Amino acid sequence: MREQSKINIKNLNFYYGEKQVIKDLSLEIPKNEIFAILGPANSGITTLLRTLNRLCHLTPEARQEGEVFLDGKNIFDSDVSVTELRRRVGMVFDVPTTLPMSIFDNVALGPSLRGIKSKKILEEEVEKALRMSALWDDVKDRLHTPAARLSGGQQQRLCIARVLALEPEVILLDRPCSALDPISTAKIEESLMQLKEELTIIIAPHSIQQAGRIADRVAFMLMGDLIEEGPTQDVFSVPKDQRTNDYLTGRYG
Amino acid sequence: MRINAKTTQKIAKTIIWTAALLVLAVLFSIIIYILAKGIPMISWQFLTEIPRNMGRSGGISSSIVGTLLVTAVAVIVATPFGIGTAIYLTEYTQESKVTRIIRFSAESLAGIPSIVYGLFGFIFFVIYLKMGWSILSGGLTLAIMILPTIIRTSEEAIRTVPQLYREVGFSLGATKWQAITKTVLPSALPGIVNGVILSVGRCVAETAAVMLTAGSTLRMPTSLFSPTRTMAVHFYILAREGISMDNAYGTAALLIILILLINVGFNMLVNRFIAKGR
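Chains as they are written, first to last, in my numbering: chain Y, 1 to 253; chain B, 254 to 531.
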């Protein structure tokens, strides 16, 4: 195990009922980097991300084998608190999912679920999170207006702020820019580049170009198999596997 | 002979318009007729005095108070049970024989005529539990009556909350109960409140069930164990026994206005507190 690895996945198999969506996958994800997982649709990327915060266990027929270590501790151990794990490993979904409440309440939701009631502390945390996601200047005068009135890009940055308010160690982003325009996408990418100073980011990018712009390392998955993994430069310039090459040159959708 | 598409369209449009207009016309003529006959009867005295001379003169203040109390008891009792059942059905069970039985029971309850609820309330609350004719007996009977409506509307409201909202809750470290109370219920609340408003309307207007359980005294109620005559029962008796058609219309008009006020009031509450995030 490398010194700096934040997450270490060992021989992970994942099934929905009879269907195997992740096949014997082992992967180390280093700390304070942006790690991109590439692959065509149905490669098991979403499932992999949702395994890391055990969100996929909400599906009744889901079942996994293998181990996922977060800071050396297996997250599937029975003494791991799922709610605590999900606070440490935050998640941003592919479509902006603001809840039907005010901007403030959306961001304050995580801390208040943790039991923080003091209005002053909540206000501080909300401001800090909104600043980190570069949304503060846009919304500081209308924190108590409905979140649904924000634009799509702002809503997604709000979702990132909501996750940051948990003060997580890792954030998982599942194609966070797939519903956004290029300018909003650029803003989010910029925020991510700054955020990696403080936390570990795992992203399923919505395009190969996005991975090229922001990722330190990339992995390529196909039909539940991890094909190859390495520093972005290396994988993009000299892919070891023919299938990675085919994907990067646009031969899979 | 075939009629061309344009003509069919015209005929269909005419029929649909006529149907809609006819319905509106009937509805408005009833409301306008009652308001026209009743509003002149409504005065400060009518609102604040208790009925005298069997309701021939005096006001209906005791009936107004009785109506509001019976309705309040019913809604306060039925709402938590209704929402609780709806949460159980939507969040805590897989579709199974048990949920089908619960849902089927609730739907059957909705189809029972109110007089049957009245009879049940009379036998169970009034006689067996010795509550007598009282606001409590009437309110509890009405609570059972409106339970299916609240369960069904709440269940539908909760079901329409996107699965993603629950996942957002969980992904932020919520326990199951937190995910329900912090993300699901706030989103479903407008729909749930709608069901409650519907139920309030039914309680205020109910006659048969309350007559058998809350009694028909004209005295001002002093506690939840006092019997009372609700407004609907009052004007039923006034009209049925030919005591005073004028006061019957006055009561009916007030009942319509009351239901309107309750609807508007609830909607304002929803807009003010619940839907501020929309």
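Calculated directly from the structure, the hints in this document are not laboratory data.
Note that this is a predicted model, so its numbers are computed, not measured.
Here a beta-carbon is modelled for each residue, glycine too, at the ideal position from N, C-alpha and C.
A few of these clues could be false.
Stated by the list, open to error - With the Cβ distance kept under 8 Å, some of the chain Y side facing chain B (calculated, not the full set):
| id | residue |
| --- | --- |
| 1 | Thr-46 |
| 2 | Leu-58 |
| 3 | Val-80 |
| 4 | Thr-83 |
| 5 | Arg-87 |
| 6 | Phe-93 |
| 7 | Thr-97 |
| 8 | Leu-99 |
| 9 | Pro-100 |
| 10 | Leu-109 |
| 11 | Gly-110 |
| 12 | Leu-113 |
| 13 | Arg-114 |
| 14 | Gly-115 |
| 15 | Ile-116 |
| 16 | Arg-162 |
Said to hold, decoys possible - DMTMM-like mimics (lysine to aspartate or glutamate), calculated; alpha carbons at most 20 Å apart, straight line:
| id | chain 1 | residue 1 | chain 2 | residue 2 |
| --- | --- | --- | --- | --- |
| 17 | Y | Lys-31 | Y | Glu-18 |
| 18 | B | Lys-429 | Y | Asp-138 |
| 19 | Y | Lys-73 | Y | Glu-61 |
| 20 | Y | Lys-187 | Y | Asp-94 |
| 21 | B | Lys-429 | Y | Glu-28 |
| 22 | B | Lys-290 | B | Asp-499 |
| 23 | Y | Lys-128 | Y | Glu-61 |
| 24 | B | Lys-429 | Y | Glu-61 |
| 25 | Y | Lys-196 | Y | Asp-174 |
To be verified - FRET-style restraints, in silico, Cβ to Cβ:
| id | chain 1 | residue 1 | chain 2 | residue 2 | range |
| --- | --- | --- | --- | --- | --- |
| 26 | B | Gln-347 | Y | Lys-10 | 11 to 21 Å |
| 27 | Y | Ile-121 | B | Asn-516 | 33 to 43 Å |
| 28 | B | Lys-263 | Y | Arg-251 | 28 to 38 Å |
| 29 | B | Ile-292 | Y | Pro-60 | 36 to 46 Å |
| 30 | Y | Lys-140 | B | Thr-352 | 42 to 52 Å |
| 31 | B | Lys-429 | Y | Gln-194 | 53 to 63 Å |
| 32 | Y | Ser-178 | B | Ala-278 | 31 to 41 Å |
| 33 | B | Lys-429 | Y | Arg-149 | 28 to 38 Å |
| 34 | B | Ile-292 | Y | Asp-138 | 48 to 58 Å |
| 35 | B | Met-521 | Y | Lys-73 | 48 to 58 Å |
| 36 | Y | Glu-18 | B | Lys-266 | 47 to 57 Å |
Quick rundown of the hints versus the structure:
no.	hint	result
1	Thr-46	12 Å, violated
2	Leu-58	6 Å, holds
3	Val-80	13 Å, violated
4	Thr-83	5 Å, holds
5	Arg-87	4 Å, holds
6	Phe-93	7 Å, holds
7	Thr-97	5 Å, holds
8	Leu-99	6 Å, holds
9	Pro-100	5 Å, holds
10	Leu-109	6 Å, holds
11	Gly-110	4 Å, holds
12	Leu-113	5 Å, holds
13	Arg-114	7 Å, holds
14	Gly-115	10 Å, violated
15	Ile-116	12 Å, violated
16	Arg-162	7 Å, holds
17	Y:Lys-31 to Y:Glu-18	34 Å, violated
18	B:Lys-429 to Y:Asp-138	33 Å, violated
19	Y:Lys-73 to Y:Glu-61	25 Å, violated
20	Y:Lys-187 to Y:Asp-94	16 Å, holds
21	B:Lys-429 to Y:Glu-28	31 Å, violated
22	B:Lys-290 to B:Asp-499	8 Å, holds
23	Y:Lys-128 to Y:Glu-61	39 Å, violated
24	B:Lys-429 to Y:Glu-61	18 Å, holds
25	Y:Lys-196 to Y:Asp-174	16 Å, holds
26	B:Gln-347 to Y:Lys-10: 11 to 21 Å	33 Å, violated
27	Y:Ile-121 to B:Asn-516: 33 to 43 Å	40 Å, holds
28	B:Lys-263 to Y:Arg-251: 28 to 38 Å	57 Å, violated
29	B:Ile-292 to Y:Pro-60: 36 to 46 Å	59 Å, violated
30	Y:Lys-140 to B:Thr-352: 42 to 52 Å	47 Å, holds
31	B:Lys-429 to Y:Gln-194: 53 to 63 Å	35 Å, violated
32	Y:Ser-178 to B:Ala-278: 31 to 41 Å	52 Å, violated
33	B:Lys-429 to Y:Arg-149: 28 to 38 Å	30 Å, holds
34	B:Ile-292 to Y:Asp-138: 48 to 58 Å	53 Å, holds
35	B:Met-521 to Y:Lys-73: 48 to 58 Å	52 Å, holds
36	Y:Glu-18 to B:Lys-266: 47 to 57 Å	54 Å, holds
In this structure, the hints that do not hold are numbers 1, 3, 14, 15, 17, 18, 19, 21, 23, 26, 28, 29, 31 and 32, in rising order.
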